[in-house]
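Going down the list, the protein sequences come from chains A and B.
Counting in the numbering used here, the final residue of the first sequence is number 599, and the numbers go up one at a time with none missing.
Counting in the numbering used here, the final residue of the second sequence is number 387, and the numbers go up one at a time with none missing.
Calculated directly from the structure, the hints in this document are not laboratory data.
Misleading hints may appear alongside valid ones.
Restraint ranges, calculated between C-beta atoms of paired labels, are given here [claimed, not checked]: (1) B/E147 with A/K559: 22 to 32 Å; (2) A/D459 with B/D185: 19 to 29 Å; (3) B/R378 with A/P568: 18 to 28 Å.
Quick caveat: nothing in here was measured; it's all calculated off a predicted structure.
C-beta atoms are modelled at their ideal positions from N, C-alpha and C, and glycine is treated no differently.
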Amino acid sequence: MPKGIWVYIEQFDGQIKKVSLEVLSASRKAAEELGHELCAVLPGKGVLEMAYTLGKYGADKVYVLEDDVLENFTTDGYANAIAGLIKENEPYAFLLGYTMCGRDLAAQVAQKVETGLMSDCVDMTVEDGQLVFTRPIYAGKVFVKATCPEARPVMASIRPNSFMAEENKKEAEIVNAPFQVGDIRQEIKDIVRQVSERPELTEADIIVSGGRGMKSPENYKVIEELADVLGAAVGASRAAVDAGWVPHNMQVGQTGKTVSPVLYIACGISGAIQHLAGMGSSKCIVAINKDPEANIFKVADYGIVGDLFDVVPLLKEEFESFL
Amino acid sequence: MNIVVCLKQTFDTEAKIKLTGDGRIDNKGVSLIINPYDEFAVEEALKLKEKDGGEVTVVSVGGQQAQDALRQALAMGADKAMLIDPGTEEVDEYIAATVLAKALSGMDYDIILGGWRAIDDSSAQVAGRIAEILNIPVVNMVTKLEVEGGKAVATREIEGGSEVIEVSLPAMITAQKGLNEPRYPSMKGIMKAKKKPMGKTTAADVGVDELTTKVKALSFSLPKPREAGKVIEGEAPDAAKELARLLHQEAKIF
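Next up, chain B with everything else stripped away, as it sits in the complex:
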């Protein structure tokens, strides 16, 4: 079975964000990681391969530094990687999805996996858009996946419960926390990853002409930091009484 994982490199979750002089997000000195939800997707791909055999390809749209994220997925056990230079600084979800879908359409895939959202922009739309362009069904926020006989049976989270969805392959499945526990790359895996193929291509090479973003960012701003409020002194019974009073009279919540 051929499994493709769409992977995004994101800022580390502990990263502090600064703005540059012209009001853009400053990425200098920020450590970068695989988007945690995409890591669940990589792990699930490796599990499928371990069960049924096949090949796992990881694909990312990004600059040269995104190779590190791809290399990490190779170290976890993926077989090959593909990095696509979007050819433009400004990439919105429409561009990312168009480029990825075009690259994927030239590949042989039975299932495509990805995280349900990236922790940086939280857009939760690239996977859905790719599925739409490739005309394959999508199941989002999956916490359990079984693939057999050309079908995927996925349990997904919905508000107020969960549902079990069956789709025919090929299909796009997005991972939610709980799907699995991603493995750490072993030293052997890290050494092996260095020799695995890292393909590089561009949007133009996969056949995407110049695209303009549909969404335009107008400005970035840092939130006003929250300030520490009152610490209520006293023993527990007095503190509890005072907190209830403050929530009622000062914060006017009740």
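The shape of chain A in the complex, shown without the other chains:
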């Protein structure tokens, strides 16, 4: 019988991704309920140091896949190594974060081991002795509960910020796993790092977003300054992206990024249905807009009807005074 819940640990620049710890913490409860060992799977170069911290988040065992060729993520290298390990050990479940590399890896591994994969899940429960996942589809307009009844391992990718990363003092057993990276067909020619002090949009706890009301690219300075005070990420609506004021990778919405921060501050955003789809799972929404009829006020927890160029700099001062 397949044994063990496995969680893929994604790391970048020597840092474990927050979502990996969230998935590990959430899986601790499921592992106990189902009587499974909780294993972290950590591929990379020079990752041993990171392996020791995983016990703190509930891992019983850490499979370390250490190799120079795993220094940077490649679809083939990572998928071959992990699919091989899965075939060897036959875990009950294999879970990972719905990140850019996580999605890449998940699709390949799922097909290599011919199993089902539930993507972008926001909840995980144990029902009738099996793992059941809830995921938003149609950009959050519907939720579907799904399971993988027969094929193993059960695979799911989890949306960042869906669970809390909780410390759970354990001493994990560290295992150097044998693995094969096989033929890597994706040759990395260049990696360009964006130098930014700000968190990733999809992982951020606070996001300040600007829309059509920003009027020009220069005006983004106003919300960037607020974001800096809050340690927030900066997002944008499609209108601002299509106007060419900010790059595509800042877009929040149905054809942009899906985000679930604790606080989302929408500045000069009207609240088109496609934008609401991308940020609707934010825990608290603040809207600042001149138009009292703007759709965004229908979903906002707190709204200010006013000119963002008046309000945002004042907000910055207010937050500065008590943060």
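Starting from the known structure of chain A, arrange chain B on it as the hints suggest.
The following block gives chain B in isolation, referenced to the frame of chain A:
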């Protein structure tokens, strides 16, 4: 060069979703579109054809209505289309990918393009699965693509930056927003599209026996609608002060 684009028909982004009496998604009266990410893939295919010549084939798994999406791609400039009836109501990513891969394996292709995800189920896995079945390399979330001398050089988005990846053809490339601006079909294109070949086949015809889904949907539910909260009255300085207080004391965010 032979270019194949995998295309999915999805609900329009403005569609409101209702459930049927037995708790399934109601598709009655919903307008359907080409998945926007697949539209980027069609556009990129047309650009490659304009540069190097060749043929663009668009392929979709779906019911009869998916012809409309294929016809639109033909109107944009694709040369021919293929619609595959999966032969089952319930299609998960495993079935879709298996059927598509089987159909593609009978075609002559140098490059396969698709959107990185569909905006309906956001699964982001069919393209990757097809690549795996066909044993070709994949590069996902591509925002820039150059194809030359049997190689594709693709710039893709990664967290915290971007990377440039080179793969040998044939390869699977998935499109991210920013790759291009899809063209609108011209009237001439729409007229021409009517005469272009629309092949129809079934999963059984391409050699896929009955498949069962790996993933089972247990239930669908509509989210609790968010309610409008407080609108903070007053001039900007007072409103800003009050908002900061509410976020601190009521919402307890700071």
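Quiz item: Within 22 to 32 Å or not, the Cβ separation of B/E147 and A/K559?
Solution: holds (26 Å)
Quiz prompt | Cβ distance range 19 to 29 Å for A/D459 and B/D185, holds or violated | solution = holds (27 Å)
Practice problem: With 18 to 28 Å as the target window, see if B/R378 and A/P568 comply at their CB atoms. | Solution: holds (22 Å)
Every hint from the earlier list agrees with this structure, and none is contradicted.
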